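> Here is what each chain is made of, one letter per residue.
There are 2 protein chains.
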Amino acid sequence: MKNDADPLIVQEVSPRDGLQIEPTWVETVDKIALIDQLSLAGFSRIEAGSFVSPKAIPALRDGEQVFQGITRRPGIIYVALIPNLKGAVRAVGSRADELNLVMSASQTHNLANMRMRCEASLVAFGDVVSFAADHPVRLNGSIATTFGCPFEGKVDEDRVLQLVDAYLALGIQGVTLADTTGMANPRQVERLVKRVLERVGAHDLTLHFHNTRGLGLCNVLAAYEAGARRFDAALGGLGGCPFAPGASGNICTEDLVNLCDEVGIHTGIDLPHLLRMSRQLPALLGHELPGQVAKAGRNCDLHPAPGYIATL
Amino acid sequence: MKNDADPLIVQEVSPRDGLQIEPTWVETVDKIALIDQLSLAGFSRIEAGSFVSPKAIPALRDGEQVFQGITRRPGIIYVALIPNLKGAVRAVGSRADELNLVMSASQTHNLANMRMRCEASLVAFGDVVSFAADHPVRLNGSIATTFGCPFEGKVDEDRVLQLVDAYLALGIQGVTLADTTGMANPRQVERLVKRVLERVGAHDLTLHFHNTRGLGLCNVLAAYEAGARRFDAALGGLGGCPFAPGASGNICTEDLVNLCDEVGIHTGIDLPHLLRMSRQLPALLGHELPGQVAKAGRNCDLHPAPGYIATL
Numbered sequence: 001m002k003n004d005a006d007p008l009i010v011q012e013v014s015p016r017d018g019l020q021i022e023p024t025w026v027e028t029v030d031k032i033a034l035i036d037q038l039s040l041a042g043f044s045r046i047e048a049g050s051f052v053s054p055k056a057i058p059a060l061r062d063g064e065q066v067f068q069g070i071t072r073r074p075g076i077i078y079v080a081l082i083p084n085l086k087g088a089v090r091a092v093g094s095r096a097d098e099l100n101l102v103m104s105a106s107q108t109h110n111l112a113n114m115r116m117r118c119e120a121s122l123v124a125f126g127d128v129v130s131f132a133a134d135h136p137v138r139l140n141g142s143i144a145t146t147f148g149c150p151f152e153g154k155v156d157e158d159r160v161l162q163l164v165d166a167y168l169a170l171g172i173q174g175v176t177l178a179d180t181t182g183m184a185n186p187r188q189v190e191r192l193v194k195r196v197l198e199r200v201g202a203h204d205l206t207l208h209f210h211n212t213r214g215l216g217l218c219n220v221l222a223a224y225e226a227g228a229r230r231f232d233a234a235l236g237g238l239g240g241c242p243f244a245p246g247a248s249g250n251i252c253t254e255d256l257v258n259l260c261d262e263v264g265i266h267t268g269i270d271l272p273h274l275l276r277m278s279r280q281l282p283a284l285l286g287h288e289l290p291g292q293v294a295k296a297g298r299n300c301d302l303h304p305a306p307g308y309i310a311t312l
Numbered sequence: 313m314k315n316d317a318d319p320l321i322v323q324e325v326s327p328r329d330g331l332q333i334e335p336t337w338v339e340t341v342d343k344i345a346l347i348d349q350l351s352l353a354g355f356s357r358i359e360a361g362s363f364v365s366p367k368a369i370p371a372l373r374d375g376e377q378v379f380q381g382i383t384r385r386p387g388i389i390y391v392a393l394i395p396n397l398k399g400a401v402r403a404v405g406s407r408a409d410e411l412n413l414v415m416s417a418s419q420t421h422n423l424a425n426m427r428m429r430c431e432a433s434l435v436a437f438g439d440v441v442s443f444a445a446d447h448p449v450r451l452n453g454s455i456a457t458t459f460g461c462p463f464e465g466k467v468d469e470d471r472v473l474q475l476v477d478a479y480l481a482l483g484i485q486g487v488t489l490a491d492t493t494g495m496a497n498p499r500q501v502e503r504l505v506k507r508v509l510e511r512v513g514a515h516d517l518t519l520h521f522h523n524t525r526g527l528g529l530c531n532v533l534a535a536y537e538a539g540a541r542r543f544d545a546a547l548g549g550l551g552g553c554p555f556a557p558g559a560s561g562n563i564c565t566e567d568l569v570n571l572c573d574e575v576g577i578h579t580g581i582d583l584p585h586l587l588r589m590s591r592q593l594p595a596l597l598g599h600e601l602p603g604q605v606a607k608a609g610r611n612c613d614l615h616p617a618p619g620y621i622a623t624l
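As you go down the protein sequences, you meet chains W and U in turn. 1 is the number of the first residue of the first sequence in the working numbering; add one for each residue after it. 313 is the number of the first residue of the second sequence in the working numbering; add one for each residue after it.
Simulated from the structure, these hints should not be mistaken for lab results. The reader is advised that the hints may include incorrect statements.
Mimicking DSSO-like on lysine-lysine, the simulated pairs with C-alpha atoms at most 27 Å apart in a straight line are [to be verified]:
id: 1; chain 1: U; residue 1: K367; chain 2: U; residue 2: K398
id: 2; chain 1: U; residue 1: K466; chain 2: U; residue 2: K506
id: 3; chain 1: W; residue 1: K295; chain 2: U; residue 2: K506
id: 4; chain 1: W; residue 1: K154; chain 2: W; residue 2: K194
id: 5; chain 1: U; residue 1: K607; chain 2: W; residue 2: K154
id: 6; chain 1: U; residue 1: K607; chain 2: W; residue 2: K295
id: 7; chain 1: W; residue 1: K55; chain 2: W; residue 2: K86
Computed from a predicted structure; not experimentally measured.
Next up, chain W with everything else stripped away, as it sits in the complex (with noise of 0.2 Å):
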């Protein structure tokens, strides 16, 4: 492990990843009651919503209220994902800072999710392009299944790499690679990171792993010593994946602050704050979490020894 003067920057995706599949309704103020809270704990990006159908995401219909009511610090990016122009429009009406497109990498997820080809999608983003070129507003692309497809299987490295080709010829300045559902490994995360960041500088590259088959921080680390340096991660590893019922869903932002505490890469990021808040979420949303540190304690957390052991 190499570089490790070298800040990672941890991306909370909890408001919009994390809660988009979650059955339980969330009121909006406890939503703008979670994001204010994630605002103190160090963040510089927060994703804390979504602008797209509320049909087809019932649980974060809500995205006009929770960006207008959220309390704003300075020097914290709050990011909207967007589908669509209409999506923009919403979303820069709310004051997002920044606008996350999404499309895939492979053609059948893009139907499945999109409802449309990856070159209507293409086409549907320079619209998004223009509009934003008139608003103080950033941008971001997103590529779903860039290390693998649930319908499809592998992924073409580079298909990826002309999908990064086309966000930049765009004018979107900003990628993120997604492991949708989790399928990357090591391996292949730092062979592609490596050819991607001939392209991207690193501050504008963002990682976005799941947990999904358990390998999640063995990605972020294969991602930072291939000199990555901004990861996705949502508060108790919340998110899923419709296809892996019971699976873990995003990386857990305090199990990756915790790695990053121990292994002294700097984040930024009030670890105690977070496992507070951590230890919060099974009330507000009925289930327990997948997150380790939350049940586990920091390693700096003792226990007292038992006390059989004085009359030894």
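Go by the hints and put chain U onto chain W.
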């Protein structure tokens, strides 16, 4: 990641470290069936039980019957955990191929777990070595809390190396570095494994990681890259830690084998066979298990695309 031509050896420990804290009694016949099924999966080593006080570990009080009931397959080493000479006599009487002795690097943990000081443990091991010299049995020495102690916190690496030297001086050839409560991090693992490999050959060194804080597989990769080649793991991620209720236990065998398959490290283990076995554990034990791949499937287990995409 280098040296991928070198196989990674998985020692399956679910029958011992996995079952020992299960609150549900597992019938002797079911333990034997579990081990016999594991013997068909491609493992070269299985920790099949322990010979400790039935009062201390009631879940494993049938060690003799288990070792006498299993169908031994040629080439597989069936290991027994033992705490002392009495356990060694029982294990050898039950034809265990290898005795795994255990003490802790931390004095407080050894007092809590073995009810004696570390010095007394080493004296007792001398008796086991003398006894074993007259029998066809291998010896391995485990060092619990190698990477941290839940009572004392950080463990001095020189202390661990002194215990490795003490084992070697006694004539104990195999050494296991055990992360008993999941406190290890990849950088620490890399550093310590390199130092221990100056004393112990890679074929005699085992790493035993728990996934208590989500870092188990990260630590395996760090150890593998530092030259370690043998790892303990438990089917389904069985096991656990009394200090971390709800947190994961041992690293999960099928998740580890899936990682190796994906990155191209040879294990010789039949992953589909393991997944079938793991998926039967919840019915046997009455609860879900932390393993991920048993829930998510392998990457190559593709899903049918939704029917509506044909109409788009």
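> Determine for every hint whether it applies to the structure shown.
A quick look at each hint next to the structure:
no., hint, result
1, U/K367 <-> U/K398, "holds (14 Å)"
2, U/K466 <-> U/K506, "holds (19 Å)"
3, W/K295 <-> U/K506, "violated (31 Å)"
4, W/K154 <-> W/K194, "holds (19 Å)"
5, U/K607 <-> W/K154, "holds (20 Å)"
6, U/K607 <-> W/K295, "holds (21 Å)"
7, W/K55 <-> W/K86, "holds (14 Å)"
Violation of the numbered hints given earlier is confined to hint 3; every other hint is satisfied by the structure.
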